[in-house]
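Student: Take a look at the letters that make up each chain.
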Amino acid sequence: MSSFTRRALLSKLAVAAAPAVEDAGRHTLIVVFLRGGADTMNLVVPYADDSYYKARPTIAIKAPTGDADKSRAVRLDDRYAFHPALRPLHEKFSEGRLAIVQAVGTDNTTGSHFECQDQMEHGDSMAASAAGGGWLGRYLRTRANTKLGPLSAVALGTALPESLRGAPVASVMQSLEEIAIRTPSGKPDAAAAVLAAMYGADVTMLGTQGRETLDLFKRVSALQEGGYKPANDAKYPKDSFGNGMREIARLIKAHVGLEVACIDVGGWDTHFFQGTTDSFQAERARVLAEGLAAFDADLKDQRGSFTVMVTTEFGRRIYENASLGTDHGRGFALMTLSNRIQGGRILGKWPCVVENESPAGPGGMQIQHDYRSVFAEVLRGSLGLDAAAASAVFPKCEFGKVGLVA
Amino acid sequence: MSTDGTSTGTSTSTSRRSLFKAALAGTAAALTGCERSTAFFGQQMGQSIPTTLTPTQSAEIDPDFHLLSRAGYGPWPGELAEVKKTGRDAWLEEQLHPERIDDSAANLRAEWFESLYMDAGNAWEFRKEVLRDELTRHAVLRAVYSKRQLFEAMVEFWGDHLNIDLEKTDCIYLRPSDDRDVIRAHALGKFRDLILASAKSPAMLTYLDGRDNKVTKKSPVPNENYARELMELHTMGVNGGYTQKDIYEAARCLSGWTVDLKMRMADALNPFKAQRGTTYFKKEWHDNDTKDVLGHAIAAGGGEKDLERVVDIVCAHPSTAKYISQKLCRRFISHEPPQSAVDKVAAEFTRTSGDIKSTLRVLFQSEEFANARGQLLKRPFRFIVSSLRAMAADVESSYVGRRDDPAGQAAQAIQSKPPRIALVSYLHPLGQPLFRHPTPDGYPDEETPWLGTLLWRWNFAFALGGGFVPDVKTQGPPLRKALGIRKDSTDKDKAAVLFAHCIGRKPAEAELTALQSVEDEADLLALILASPAFQRC
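Chains A and B supply the protein sequences, listed in that same order.
Position one of the first sequence corresponds to residue 6 (our numbering), numbered consecutively onward.
Position one of the second sequence corresponds to residue 810 (our numbering), numbered consecutively onward.
Treat the hints as calculated values from the structure; they're not laboratory data.
There may be inaccurate statements among the hints.
In silico SDA-like links for lysine to any residue, alpha-carbon gap of 25 Å or less [said to hold, decoys possible]:
| id | chain 1 | residue 1 | chain 2 | residue 2 |
| --- | --- | --- | --- | --- |
| 1 | B | Lys-1136 | A | Met-210 |
| 2 | B | Lys-1136 | B | Ala-1006 |
| 3 | B | Lys-1296 | B | Ala-1006 |
| 4 | B | Lys-1071 | A | Met-210 |
| 5 | A | Lys-401 | B | Asp-1121 |
| 6 | B | Lys-1071 | A | His-118 |
| 7 | B | Lys-937 | B | Met-1072 |
| 8 | A | Lys-75 | A | Gly-389 |
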């Protein structure tokens, strides 16, 4: 079947199919996980604090001067500045769309990447017994009475993150091209027509779902034709994060009912030669900032339709170690980019307040905000989570006021 | 060495391990060769396709087909004819006594999964990936190949009923022995024995925090988690008539039972004396005062006997018969079963003090069961297994290490043919990765949670129909030959006969019209597996 008849067939299917998942006003939460415990103190630099420079004689980021000097931090306010590699995000902050919360963390003091990631993704506290499944999985289950489609929750990558475990529906993919009908003979259109006829004749919920799934194929396949051209000359970096953010943008534009997307940026475990404005951390920061900036540019006309939350499992020590890196600490800075968040602000405690009591040793940033309070506010701002649902997502959590939403 | 999946013998497991280690001195090639012969012997033992197959001519789902679809995982080619010969009641009676059924072919395939034959303590020798992998593949292979189909269906049922999420703390190390010593040991036995075994299971004690249920001077309040789920989920049901006080009292009775998790040098040196992962009663953690559970007085000083008392009380409670029968009917009759069926089944459960065999006999012989043809949405596991059985697929057990490969999937994404993804990897996007349901209620017996994943069902059907699932060999040509499909058969005849083979009834006019347009036979088979009719049973 030629591509012309293929389109004709697909448009016929569109007429036959019921409207897919209700998409009007749909908002997508994108959770970016910085794996490895990011040193957020060098990402959101407390340049007004001498103790920061004392603790980090070699790896501290130089205070801003106001010009575009690439070796200096980029001023955010009187106290804080971005790592120069995060410059692409500066504008979002000035526009009041990017908020930062300092001193976020879990009550896990083991300093284990695995345990802290696990606890955070499950939305658990050390003190209480496990809630079961992932926090996003539980969120989606609170929504189970409303309709979820096959692409309501997507992880970009190769494995389902623990945060989505227990979700009624969750898909793992690297590219939208994976959403396709691929038959043994390579004749997808004929197969789609047969499925449309069979599911069209089924009057049950199963039939409805079949027709909606075919409609989904149709809309995704329209996006696949001729490759993807991002809007506003957005240039996604050619790395897995950039690619993943591009696919998320395509899914949002395709109106497939995407509510939650998860994506990772790895490589933040900087015990050794962390570097300042070059080397390992700077490279990771560049990947993060460029990917986010491209995504934000691509969706410039739909900025009300998404919220990005950037988290990590723990921050690092305030003091640099002998190999010019930083060891595992406690609190970290969480970033969120959204029209639905009160941005342009840095909330939470001054980071150089050190937690001396902790078994994690001296130098970890003292925690002010239980990460669950922050996640819950992000969910409230982005997807309108109400108080009852918040308790279902994070059982037994005593939520503190963070200030991301009014 | 036991080749019987239902037996529990753990004393031989260490010798098996030594044997296996010796065998590892051989080469990978030798293992591959061994695996090939498993498939070969499997075929010798009746897992081949008969020379002729006669699909039903009925417009309604054939009643024998219906029984095979529900009480098992759908007919293997030729099985329908066997039931027609012996009769449904005789087939059911045979299935209710799995020990009488020779299951050598399935046992032979299951021999591969050595972690499943270990004591819990030895499971720590395995990487988590291996344990997860073997448990899942074992469940798939048994469901596909075991002749004890009802037994396997009940293993799945109790696995959900007494759900343990592998991903919680140490559960992954303890779940394999739970599968063997609790679920498989009692799947068709006495309900009370099943619950008792589960109450003492290291996996359950870990999953529901029973192992931390201690009553001491320092912490006088028991951990109620297991006691609550024992009543709410395992026996009486949420409105079964117990109070918060009953939960508290039961938790006191159960206090002190815990799991030995210590790593000892002695265990490593002498695995025959391994203690790790075993349940024991720690009397200093037990609340030895008087208790009152559901109106039954429990005298002080009962010690470890208190546990059995609680299990006896809750299992004998009338709510338990109702609740278990309701669940059985929901699994095997319909998502909303008729009350008349539930009552009948519950009466038998009560009459026989929870004899699972007798209860199931009444269920499967009920009029309500017979009338519920085609009403259930297959859960993903049943969908996949019934597809494999319908096609007499040859599934290898040995593809250890070839895990989910979405990267490979992406690499092939732009091609028009289905990507190659390992069989069990399909369970994940379909929502039922097995043993990984995050809450103690088990994978649901409802339609809505499963309806969002049709996309992945179709992808599986296309991949299977085209022979794209790695390590799964479908038997298209002999199947078509047995069904009387010839080169010169009309497209309509091909569609009709393949449909009837897979679904158990003739296609309706609309279905036949849609399917007879499919020229490619692999596509045709895939589309039948992707059809709404095949999603149901």
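Student: Against this structure, judge whether each hint is valid.
Tutor: Hints and how they fare:
no. : hint                    : in the structure
1   : B/Lys-1136 x A/Met-210  : holds (22 Å)
2   : B/Lys-1136 x B/Ala-1006 : holds (20 Å)
3   : B/Lys-1296 x B/Ala-1006 : violated (56 Å)
4   : B/Lys-1071 x A/Met-210  : violated (52 Å)
5   : A/Lys-401 x B/Asp-1121  : violated (33 Å)
6   : B/Lys-1071 x A/His-118  : holds (24 Å)
7   : B/Lys-937 x B/Met-1072  : holds (17 Å)
8   : A/Lys-75 x A/Gly-389    : violated (39 Å)
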